[in-house]
Each structure stands twice: as structure tokens, then as C-alpha cells.
Amino acid sequence: MRYFKLATLLFLIFVVFAGCPKKQEVKPAEEITVEEIPYEEVKIPEEFPIEPERPELVLNRIFFDFDKSDIRVDASETLKRNADMLKLYPDVKVIIEGHCCEIGTAEYNLALGERRAAAARDYLVMLGISPDRLATVSYGEEKPLDPTDLPRNRRCEFLIR
Amino acid sequence: MEYIKRTAILVLALSFSLISKPLFAQDVYLRLTDYGGGKTNIVIEPFFVSRLSDELITKVRNIEHIVKNDLEYSLYFEIYSDTIFLIQSDSQGIVLKGSVDNERLSIVLEDFLSRETIARRDYKLSTDIRKLSHTISDDVVEILTGEKGIASTKIVFSYKTATGKELAMIDYDGFTFTPLTKNENFNLFPAWAPDGKRVLFSTYLRGRLNLYVFDLERRVIESLSSFQGLNFAPCWSPDGTKICLSLTKDGNAEIYLLDLETKKLNRLTNNRAIDVSPAFSPNSREIAFVSDRSGNPQIYVMDIYGGNVRRLTYHGSYNTSPAWSPRGDIIAYVSREDDNSQQIYITDPYDFSPIRLTYDGNNEEPSWSPDGLHIVFASNRHGRYELCTMNWDGSRQRRLTNSITANGPDWSPVPRLSIN
Numbered sequence: 001m002r003y004f005k006l007a008t009l010l011f012l013i014f015v016v017f018a019g020c021p022k023k024q025e026v027k028p029a030e031e032i033t034v035e036e037i038p039y040e041e042v043k044i045p046e047e048f049p050i051e052p053e054r055p056e057l058v059l060n061r062i063f064f065d066f067d068k069s070d071i072r073v074d075a076s077e078t079l080k081r082n083a084d085m086l087k088l089y090p091d092v093k094v095i096i097e098g099h100c101c102e103i104g105t106a107e108y109n110l111a112l113g114e115r116r117a118a119a120a121r122d123y124l125v126m127l128g129i130s131p132d133r134l135a136t137v138s139y140g141e142e143k144p145l146d147p148t149d150l151p152r153n154r155r156c157e158f159l160i161r
Numbered sequence: 162m163e164y165i166k167r168t169a170i171l172v173l174a175l176s177f178s179l180i181s182k183p184l185f186a187q188d189v190y191l192r193l194t195d196y197g198g199g200k201t202n203i204v205i206e207p208f209f210v211s212r213l214s215d216e217l218i219t220k221v222r223n224i225e226h227i228v229k230n231d232l233e234y235s236l237y238f239e240i241y242s243d244t245i246f247l248i249q250s251d252s253q254g255i256v257l258k259g260s261v262d263n264e265r266l267s268i269v270l271e272d273f274l275s276r277e278t279i280a281r282r283d284y285k286l287s288t289d290i291r292k293l294s295h296t297i298s299d300d301v302v303e304i305l306t307g308e309k310g311i312a313s314t315k316i317v318f319s320y321k322t323a324t325g326k327e328l329a330m331i332d333y334d335g336f337t338f339t340p341l342t343k344n345e346n347f348n349l350f351p352a353w354a355p356d357g358k359r360v361l362f363s364t365y366l367r368g369r370l371n372l373y374v375f376d377l378e379r380r381v382i383e384s385l386s387s388f389q390g391l392n393f394a395p396c397w398s399p400d401g402t403k404i405c406l407s408l409t410k411d412g413n414a415e416i417y418l419l420d421l422e423t424k425k426l427n428r429l430t431n432n433r434a435i436d437v438s439p440a441f442s443p444n445s446r447e448i449a450f451v452s453d454r455s456g457n458p459q460i461y462v463m464d465i466y467g468g469n470v471r472r473l474t475y476h477g478s479y480n481t482s483p484a485w486s487p488r489g490d491i492i493a494y495v496s497r498e499d500d501n502s503q504q505i506y507i508t509d510p511y512d513f514s515p516i517r518l519t520y521d522g523n524n525e526e527p528s529w530s531p532d533g534l535h536i537v538f539a540s541n542r543h544g545r546y547e548l549c550t551m552n553w554d555g556s557r558q559r560r561l562t563n564s565i566t567a568n569g570p571d572w573s574p575v576p577r578l579s580i581n
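Respectively, the protein sequence lines represent chains P and U.
With our numbering applied, the first sequence covers 1 to 161.
With our numbering applied, the second sequence covers 162 to 581.
None of these hints come from the bench; they were simulated from the model.
Incorrect hints may have been included.
DSS-like, lysine-lysine: derived pairs with alpha carbons at most 25 Å apart [what the hints assert, rightly or not]:
hint	chain 1	residue 1	chain 2	residue 2
1	U	K410	P	K93
2	U	K343	P	K143
3	U	K292	U	K258
All chains should be modelled from the sequences, with the hints used to inform the complete structure.
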């Protein structure tokens with residue numbers, strides 16, 4: 001029985017040795033090596049870079065008085081918060097949109113909206129935000145927030161670019 | 162021989178244009194009080210139709226109806242349907258007779274008393290009966306008054322859509338709504354070129370408000386001004402050589418003049434105030450505009466070099482939208498009332514004398530018809546903003562559009578050639 005096993009093994013070795021050169025000639029070996037790393041060995045780096053604790057980026061709109069582009073007291077508080085936010089996100093660029101209520105002509109309101117956007121931009125620059133990060137555009141009275149609530153339409157929106 | 166004939170015609174045509182030129186310039190200077198009076202009686206008799214088919218009769222009755230409306234709208238005529246009215250009141254007048262034979266429509270104008278033919282015109286009975294009727298009306302007006310009729314004029318405006326505001330055009334009587342843009346953006350401040358073939362407008366197509374010109378014949382849009390900031394509220398000088406517009410490239414809204422021949426841009430205003438809404442005088446020498454340099458928006462007038470600035474309005478704290486009448490002697494504008502409503506006023510451009518024309522709802526953005534006898538404007542008297550027209554003195558206020566929210570109307574010049 002043992003001899004039989006041995007004989008079989010020898011026979012197999014013979015077959016392998018005899019067969020191999022032949023095969024290589026016909027078809028060059030195309031070995032696909034898949035390196036399998038045991039699951040346990042994948043190391044999770046212990047010092048993962050921790051995001052600094054910063055709140056979600058929210059920029060609030062500010063409001064204006066009729067036919068005015070002066071920054072009101074409540075608006076200056078909002079702008080200070082917006083500026084603090086922008087300091088936390090130094091890569092974020094912002095488009096400041098100036099808007100007006102429907103009173104007055106569309107043309108004049110476009111210019112007024114531009115003036116409001118510029119006032120908001122200048123205020124943010126004064127608070128230390130680089131002007132390179134701030135672009136302005138006016139939509140005049142074309143994009144009301146709420147057509148029924150005129151004062152709410154006299155505003156600036158801060159859109160993240 | 163043929164050559165001599167042609168030359169003769171050319172010389173004749175040239176001399177006619179030389180003679181007629183001063184007539185159309187500001188030398189014709191009707192005063193406010195002269196506009197209304199002295200209407201000519203005109204009797205429009207039912208047109209004679211030789212071939213009796215229902216379809217043809219309906220068509221001809223429609224033409225009669227449109228011509229009658231046009232002539233009534235023109236303010237030059239008192240319209241009657243039968244000569245009996247002239248006989249009863251023992252008055253003079255014109256009889257308009259029409260006859261249809263095959264595909265030809267002949268119009269004859271006859272003096273009622275002498276029975277003499279004043280003029281006769283033949284027209285091809287086309288399928289576009291509105292266009293044909295307006296052509297007939299304009300011919301009648303020109304033959305009888307020497308003035309250019311406005312029945313073939315159009316009004317361009319912005320109308321609200323789900324995605325912004327698009328531009329469209331309608332006939333002066335509110336028919337034939339024709340959309341112009343379809344870019345799902347805000348298309349604003351359409352303003353006709355004096356040739357009636359192009360329209361200036363502003364749009365945020367590239368994210369910023371730039372100025373474009375829409376060629377109605379070629380159906381293409383070309384960029385005209387795209388400076389940093391806003392490029393808006395354009396108007397074309399009546400002589401066609403310049404475009405006046407507002408730009409915010411230098412910090413705040415200032416008025417600039419673009420010379421179309423030299424391509425040079427001249428800054429006309431220079432201060433920290435908002436300067437917008439330029440409107441040319443008909444002789445292209447002066448510009449009315451809005452400025453808040455006094456603390457609130459008022460209307461000013463300057464020359465085309467930015468000099469000789471004078472304040473025009475001294476009534477109310479919010480006056481905008483100047484529109485200089487093509488006759489030169491009236492500026493229409495919008496004033497905010499104590500109740501916060503906006504109303505249209507007219508005044509003499511050189512002697513401030515405001516006359517209020519509108520009372521219901523808000524009424525804004527006046528634009529003059531080329532004959533200076535009518536005003537188109539945006540009004541929310543029926544709820545949403547729609548276009549209305551009225552006579553120069555505020556009479557006959559009527560709705561021009563419904564079922565759309567429209568604003569920013571601009572009345573076309575009299576077409577020199579056909580516009581679609």
C-alpha cells in the first residue's frame with residue numbers, strides 16, 4: 001500500500017516534470033498574483049487627523065431699510081457672525097447678492113441692490129475677510145423672497161461659490 | 162431713356178427726402194393743447210365684396226373692424242358707419258370705401274362734399290389680415306394727415322416665467338404675441354433700435370448682467386457690453402449713432418455713452434450717487450436720467466457730454482423712469498405717492514409742471530408711441546403687473562395684455578420695412 005502511494009507520487013512528479021516545459025512553450029505563463037492580507041493585519045492608524053471642531057457653514061442674510069444701503073445694527077451683528085464663519089472656512093468664496101423690494105423702478109433697484117451688496121462686502125472686508133473671496137451681484141427686484149412681505153425683500157444673500 | 166427716367170425718379174425721391182426731413186425733426190412742435198382737437202370725420206362704409214362666399218365675407222368684415230379700431234385709436238378721426246351722420250350734422254368728412262375683387266382689395270378715400278377721390282390704393286388680400294389691415298390704416302393716416310401711423314408698430318417687453326423673465330413682442334393693439342428669448346434666465350429692459358429691427362436688452366446669461374442686442378431679422382443675439390458689474394437699462398439714440406447705458410464697473414451705477422461708430426465709451430456722470438435710466442431727447446442732444454444725488458431719486462437732464470446738468474423734478478421724494486416724448490415737449494415719469502403707490506406723470510422738459518395721469522394701483526415704466534400721442538406702461542390695477550396703454554393726456558386707459566405678468570414695455574418706432 002505504501003509502495004503504491006509512493007509510486008503514485010513519483011508518477012505524478014514525473015508527469016509534472018514531463019508536462020511543464022511543453023505547456024510553457026504553448027502558452028507563456030500569465031500569473032495573476034493576488035496578495036491576500038489577513039483581515040486582522042490591516043492596521044487602522046490610531047492618530048487619525050481630527051477635523052477641528054467647527055460649526056456647519058451657515059451665512060445669514062441681512063436686511064435693509066427702504067431705499068437705503070446702510071448696514072443696520074441688526075445687520076452688523078449678522079455680518080460679524082458671517083465674518084467669523086468665513087474665518088473658520090478660509091477656502092470658501094462667497095457671492096453676495098443684493099436684492100430690493102418691488103417699490104421703485106427695476107433699473108434704480110438694480111443699482112440699489114448693487115450698492116447693498118457692495119456695502120455688505122465692504123463691511124466684511126472691514127471685519128478682516130479678504131476681498132478676493134467676495135464677489136457681488138445685484139438682482140434688483142427680480143428675485144423677491146416673499147412678494148407679499150416687502151421689507152423682507154430688501155436684503156443681501158450670501159451664497160457659497 | 163430708361164436711364165434718364167430712373168435718374169429723374171431718384172432726384173425726385175432725394176429732393177423729397179430733403180424737403181420732408183425737417184418736417185419729421187423737432188421743428189414740428191405741437192403744444193400739449195394742440196393734440197386733442199380738430200378730429201377729421203371719416204365714414205367707413207361696408208366694403209363691397211363681388212364674390213359671395215362666407216369665408217371671404219368674414220375676412221373682409223374683420224379687416225373693416227381692425228381698420229376702424231386703428232383709425233379710432235390714432236386720435237385723428239371721428240369714426241362713423243354711415244354718411245347719414247354727416248348729412249344730419251351738416252359736416253364735412255372723408256368717406257372710406259373698400260371693394261374686394263378676387264385676391265385684390267381696393268381702398269378709395271373720397272371727399273364727402275365734393276365726391277372727389279383723394280386717393281386710391283390696392284392691396285393683395287393676404288392671409289395675415291391683421292398685418293394687412295394695419296398697413297391700410299397707416300396708409301389712410303399718412304394720406305389724410307401727413308403723419309406716420311402707428312398701427313404697424315409693436316411693443317417689446319419682459320414677461321414672467323417659472324424660470325425667470327423672457328422677452329416677447331406684441332402688436333400695438335395687443336394681438337400676435339411673439340416670444341423672442343427662451344434662455345430660462347432674467348431678460349430685462351428691452352429697448353428698440355431706431356431701425357425697428359433690433360432690440361437691446363440685459364440678461365444674466367453668463368452669471369452677470371450684461372448687455373446684448375437681439376437681431377429680429379437674423380434671430381441672433383450679440384454681446385454688446387460686458388464690463389465688470391452690471392450692464393443695464395440701455396437706450397438707443399434716435400439718430401442711431403449712440404447707445405446710452407448704466408454700468409457699475411467703477412463702483413456705483415454711472416451713465417455712459419457708447420459711440421457705435423468709434424466704439425468709444427464716454428462716462429457722463431461722476432459722483433457717489435446712483436445714476437440710471439437714461440432717456441434721449443428726440444433730437445439726440447439731451448438725456449433725461451434718474452439720480453439720487455440729492456438723497457432720493459429725482460429726474461435730471463444733461464447734454465450728451467455730461468454737462469449742463471439740471472434737476473427737473475421737485476415734487477415727491479421718489480421720481481424715476483423718465484421717457485421723453487418723440488414730439489419733444491413732454492417727459493413722462495413715475496412718482497411715488499404718499500400712499501406708496503407709483504403713478505405716471507407728465508411734465509414739460511424745460512418747465513416743471515407735473516400732471517398726474519394714473520390713479521388705480523401702481524403704474525410704472527411709461528414708453529411713448531412713435532407719434533407721441535400714446536403711452537404704454539406696466540400696471541397692477543388688475544392684480545398682477547400687465548401692460549396697459551393710454552392717450553398722452555391719461556384718457557382711454559385700456560389693458561393690452563392678460564394672462565401674463567409683464568413689465569418693461571418699449572414701444573417700437575414706425576417700421577421702415579417689415580418686421581415679422
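Hint check results:
1. U/K410 / P/K93: 21 Å, holds
2. U/K343 / P/K143: 18 Å, holds
3. U/K292 / U/K258: 19 Å, holds
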